[in-house]
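Chemist: Residue strings, one per chain:
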Amino acid sequence: MASADQPKSGLPGVKLSKAGVMSFLSAQGILIFFLLGMLAFSLFSEQFLSQSNIMTVIRQASIIGIIAIGVTVVIIGGNLDLSVGSMLSFSTVLVVDLHDKIGPTNAILLMFAFTLMIGAVNGFLIGFLRLNSLIVTLAMLSAIQGLVLIYSGGQNVDIADQEGTWFAFFGRGYLGGIAVPILLFGLLAIVVQIVMSRTGYGRRIFAVGGNPMAAVYSGIRKNWCVFSTYLISAFCVACAALVLGSRVMGSQNNVGQGYELLVLAGIILGGTSLLGGAGSIWKTVIGVLMLGFIQNGLLLMGYPYYTQWIVTWVIIILAVWLDLANKRKSLFTTHS
Amino acid sequence: MTSIKGFFRGRAKIQPIWIFVIAIFIFFSFMSEYFLSWGNITNILVQTSTIGLIALGMTLVMINGNIDLSVGAILGLAASLAVGLQEISMTLAIAAALGAGILLGAINGLIVWKTGVNAFIVTLGAMLGIRGLLFVYTDEQSFYASNFAFSDFGMSSIGPMPVLAIIFLVCVLIMHLVLTRTSHGRNTFAVGGNPEASIDAGIRLGRHMMINFIIVGFFAALAGVLLSSQMGAATPNLGRDYELWVITAVVLGGTKLTGGSGSIIGTLGGVLAIGILRNGMNLMQVPAFYVLVVLGVILISVLIIDKKVNVPSSKEVRI
Numbered sequence: 023m024a025s026a027d028q029p030k031s032g033l034p035g036v037k038l039s040k041a042g043v044m045s046f047l048s049a050q051g052i053l054i055f056f057l058l059g060m061l062a063f064s065l066f067s068e069q070f071l072s073q074s075n076i077m078t079v080i081r082q083a084s085i086i087g088i089i090a091i092g093v094t095v096v097i098i099g100g101n102l103d104l105s106v107g108s109m110l111s112f113s114t115v116l117v118v119d120l121h122d123k124i125g126p127t128n129a130i131l132l133m134f135a136f137t138l139m140i141g142a143v144n145g146f147l148i149g150f151l152r153l154n155s156l157i158v159t160l161a162m163l164s165a166i167q168g169l170v171l172i173y174s175g176g177q178n179v180d181i182a183d184q185e186g187t188w189f190a191f192f193g194r195g196y197l198g199g200i201a202v203p204i205l206l207f208g209l210l211a212i213v214v215q216i217v218m219s220r221t222g223y224g225r226r227i228f229a230v231g232g233n234p235m236a237a238v239y240s241g242i243r244k245n246w247c248v249f250s251t252y253l254i255s256a257f258c259v260a261c262a263a264l265v266l267g268s269r270v271m272g273s274q275n276n277v278g279q280g281y282e283l284l285v286l287a288g289i290i291l292g293g294t295s296l297l298g299g300a301g302s303i304w305k306t307v308i309g310v311l312m313l314g315f316i317q318n319g320l321l322l323m324g325y326p327y328y329t330q331w332i333v334t335w336v337i338i339i340l341a342v343w344l345d346l347a348n349k350r351k352s353l354f355t356t357h358s
Numbered sequence: 085m086t087s088i089k090g091f092f093r094g095r096a097k098i099q100p101i102w103i104f105v106i107a108i109f110i111f112f113s114f115m116s117e118y119f120l121s122w123g124n125i126t127n128i129l130v131q132t133s134t135i136g137l138i139a140l141g142m143t144l145v146m147i148n149g150n151i152d153l154s155v156g157a158i159l160g161l162a163a164s165l166a167v168g169l170q171e172i173s174m175t176l177a178i179a180a181a182l183g184a185g186i187l188l189g190a191i192n193g194l195i196v197w198k199t200g201v202n203a204f205i206v207t208l209g210a211m212l213g214i215r216g217l218l219f220v221y222t223d224e225q226s227f228y229a230s231n232f233a234f235s236d237f238g239m240s241s242i243g244p245m246p247v248l249a250i251i252f253l254v255c256v257l258i259m260h261l262v263l264t265r266t267s268h269g270r271n272t273f274a275v276g277g278n279p280e281a282s283i284d285a286g287i288r289l290g291r292h293m294m295i296n297f298i299i300v301g302f303f304a305a306l307a308g309v310l311l312s313s314q315m316g317a318a319t320p321n322l323g324r325d326y327e328l329w330v331i332t333a334v335v336l337g338g339t340k341l342t343g344g345s346g347s348i349i350g351t352l353g354g355v356l357a358i359g360i361l362r363n364g365m366n367l368m369q370v371p372a373f374y375v376l377v378v379l380g381v382i383l384i385s386v387l388i389i390d391k392k393v394n395v396p397s398s399k400e401v402r403i
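Chains as they are written, first to last, in this note's numbering: chain S, 23 to 358; chain R, 85 to 403.
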C-alpha cells in the first residue's frame with residue numbers, strides 16, 4: 023500500500039516498513055508471542071515442560087477443546103453459539119443424575135438424545151426461522167440454565183458408587199497410557215477436521231458461512247446446513263458432559279457457567295474469524311491449548327489464578343489486531 | 085438521508101414491547117393483591133434501575149452496531165472500588181468508581197476505533213480481563229460499607245419516590261433527549277445505519293463510537309455504585325451475567341443488533357418487562373428458576389414476531 027491512503031486528520035496510520043519481516047511477524051505474531059511465553063515459563067519453572075505437566079494441561083483443556091470444536095463448526099457456518107455453557111450444565115447434571123436411576127448406558131444415551139434435541143431447537147430457530155443466532159443462543163443460555171435448576175431443584179447431584187462403575191472410564195480412564203479425555207479430544211478434532219476439509223458437506227458449510235446468498239443460488243440447502251452445525255455443536259457438548267460428569271462423578275447445576283466465553287476466547291485466539299466462512303479445527307485446538315498453557319504457566323510462576331484472565335484479555339485483542347493489521351497493511355484504522 | 089430516516093424511525097414507531105408491558109402489568113394486578121401498590125411499583129423501579137441504567141448506554145452502543153459485553157465486569161469493579169476505598173474518603177471512592185467506568189469504556193472505545201477489531205471480541209476480552217482485575221484487586225473478598233451515609237443513600241426517598249428510582253428516571257429522560265434531539269444522537273443512528281456513508285458525511289466515526297463506549301462505561305459504573313449503596317456491600321462476583329440481562333432488555337425494546345434503529349423508550353419498556361415479570365412471578369411465589377425460562381421464551385418469541393411482522397429485507401433469499 024502506498025502512502026496515498028494516509029488519513030487527513032487524526033493520528034496517521036502507521037505503515038509497516040521492512041514489509042517482509044513485519045508481515046511475517048504479524049502473521050505469526052501470536053505463535054511467536056506464545057513460544058516466547060512458553061520459553062519464559064520453562065525458565066521460571068522446571069516442571070512446566072515436563073511430560074506429566076504437559077499431559078495435565080492438555081487433559082484440563084480437553085473439555086473446553088471438545089466444545090470448541092463444535093462451536094468452530096457453527097462459526098464457520100456464519101453463526102454463533104452462546105448456549106454451550108448452559109447446555110454443558112444441563113447435560114452433565116442429566117447424565118450424573120440418571121446414572122444411578124437407570125444405569126450408565128441408558129443415562130448416556132438419554133443425555134445424548136436430550137442434548138441433541140436442544141441443538142435441534144437452536145438449529146431450527148436459527149436455520150429455518152432465520153433468527154439472529156446471537157440473541158437466540160443468548161435466550162437459550164438463560165432458558166436452559168432455568169431448565170437445569172428446575173430439573174435439579176437447585177440441588178447438586180452426584181453418583182453414589184463412584185468406584186464400582188465403568189462410567190469413570192470417560193473422565194478418569196487411560197487407554198494405552200494416554201488419558202481418555204485427551205484421546206476423545208484428539209479423535210473428535212481429527213474426524214471433524216477431515217469432515218470440514220475433505221468432504222462436500224464441509225465445503226458447503228464454508229460456502230454458507232462465506233456468502234449465504236451465493237451458496238443458496240448454487241443450490242446448497244442453507245437451512246439444513248445451518249441446522250446441522252448446531253447438531254454437531256450439541257454432540258460435542260454431550261461428549262464434553264460425558265468427560266466432565268465422569269471426572270467429577272457429580273455436578274453442580276451451574277458447572278458450565280462462563281464456558282461459552284472461554285470457548286470463544288480459545289477460538290478467537292486460534293485465529294478463526296467470527297464472521298464465518300473461514301477457520302479450521304486445527305487453529306481452534308492450538309488456541310485452546312494456548313489458553314491452557316498460559317493458565318498453567320502463570321499458576322506455576324505463582325501468580326494469582328485470575329491473572330490468566332487479564333493476560334487473555336491482552337492477547338485476544340493482540341491476536342485479532344495483528345491479523346487485521348496484516349490484511350490491511352497498516353497497524354491502525356485510518357478513519358478519525 | 086440514513087440519519088434522517090433513522091431519526092424518525094426511532095421516534096415515530098410505538099414499540100410493541102409496551103403492549104406486552106401493559107398486558108403483564110394488568111395480569112399481575114389481578115393475580116396478586118400486593119402487586120398494585122405504590123410501594124411495590126417503586127420497588128420495581130428500584131430493582132430495575134441497575135439493569136436499566138446500563139441498558140440506556142447499551143442502547144446507544146447497539147444502535148451504533150456495536151455491543152459491550154464488559155458492562156457486568158465494570159459494574160463489579162466500580163462497586164468494589166466505591167465500597168473498598170471509602171475508608172480513605174467517600175468522595176474519592178465514588179470518583180474512583182465512576183472514573184474507572186469512564187476509563188475502561190474509553191479503553192474499549194479506543195481499541196475498537198484504532199485497531200478496527202470487532203467490538204464483540206474487544207469487549208469479550210475486556211469482560212474476562214476486568215473481572216480478573218477485580219478479583220486481583222479484591223483478593224476474592226467481599227467488602228462491607230463502613231460509611232453509613234453510603235448505605236443509607238441507597239435506601240432513602242424524596243417524598244414518596246426512592247432516590248434510586250428518581251436517578252434512573254432522570255437518566256432515562258436525559259438519554260432520550262440526547263438520542264432524539266442532539267447531533268450526537270442523530271449521528272448514532274447514521275453510524276449504525278451505514279458506517280461508510282457516515283464517514284463520507286463527515287462524522288468522526290471512531291471518536292463517535294468511543295464516546296458511546298464511555299457513556300455505557302459510565303452508566304455501568306454508576307449502576308455499580310448505586311447497587312452497592314443499596315446492599316451496603318460489594319462482592320467480587322457482583323454483576324456477573326448482567327451483560328446478558330442488559331442485552332436482553334435492549335433487544336426486547338426493539339433495538340436491532342445490526343444497528344441503525346432503536347429507542348430509549350423501547351429500552352425502558354424492555355427493562356420494565358423484565359422487572360415486572362421478575363417481581364410479579366416472585367409475588368406469585370413462582371420459583372426464580374422459571375423466570376429464566378420464561379425470559380428466554382419471550383426473547384425468542386419477540387424475535388419471531390418481529391420477523392413475521394416486518395417485511396423481510398430484500399437481502400434475504402427464499403428457497
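Since the hints were derived computationally from the structure, they do not count as laboratory data.
Everything numeric in this text was worked out from a predicted model, so none of it was measured.
C-beta: ideal position from N, C-alpha, C; glycine also.
Any given hint could turn out to be false.
As the list claims (entries may be wrong) - Distance ranges between label pairs, derived from CB positions:
| # | chain 1 | residue 1 | chain 2 | residue 2 | range |
| --- | --- | --- | --- | --- | --- |
| 1 | R | 120 | S | 194 | 53 to 59 Å |
| 2 | S | 325 | R | 120 | 35 to 41 Å |
| 3 | S | 219 | R | 114 | 58 to 64 Å |
| 4 | R | 173 | S | 74 | 32 to 38 Å |
| 5 | R | 103 | S | 123 | 43 to 49 Å |
| 6 | S | 178 | R | 225 | 53 to 59 Å |
| 7 | R | 385 | S | 240 | 51 to 57 Å |
| 8 | R | 371 | S | 78 | 45 to 51 Å |
| 9 | S | 217 | R | 385 | 33 to 39 Å |
Chemist: Work down the list of hints and note, for each, if the structure agrees.
Modeler: Against the structure, the hints come out as follows:
For residue 120 of chain R and residue 194 of chain S, the hinted distance range of 53 to 59 Å is satisfied, since their beta carbons lie about 57 Å from each other. Range check, residue 325 of chain S to residue 120 of chain R: about 54 Å between beta-carbon atoms, so the 35 to 41 Å window is missed. Against the hinted window of 58 to 64 Å, the Cβ-Cβ separation of residue 219 of chain S and residue 114 of chain R comes to about 60 Å, which satisfies the hint. Under the hint 32 to 38 Å, the C-beta atoms of residue 173 of chain R and residue 74 of chain S, about 51 Å apart, miss the expected range.
Range check, residue 103 of chain R to residue 123 of chain S: about 45 Å between beta-carbon atoms, so the 43 to 49 Å window is met. Range check, residue 178 of chain S to residue 225 of chain R: about 25 Å between beta-carbon atoms, so the 53 to 59 Å window is missed. The beta-carbon spacing between residue 385 of chain R and residue 240 of chain S, approximately 34 Å, falls outside the hinted interval of 51 to 57 Å. In this structure the hint that residue 371 of chain R and residue 78 of chain S lie 45 to 51 Å apart at CB is violated, the actual value being about 40 Å.
Between residue 217 of chain S and residue 385 of chain R the Cβ separation comes to about 35 Å, which falls inside the hinted range of 33 to 39 Å.
In summary, the numbered hints that this structure violates are 2, 4, 6, 7 and 8.
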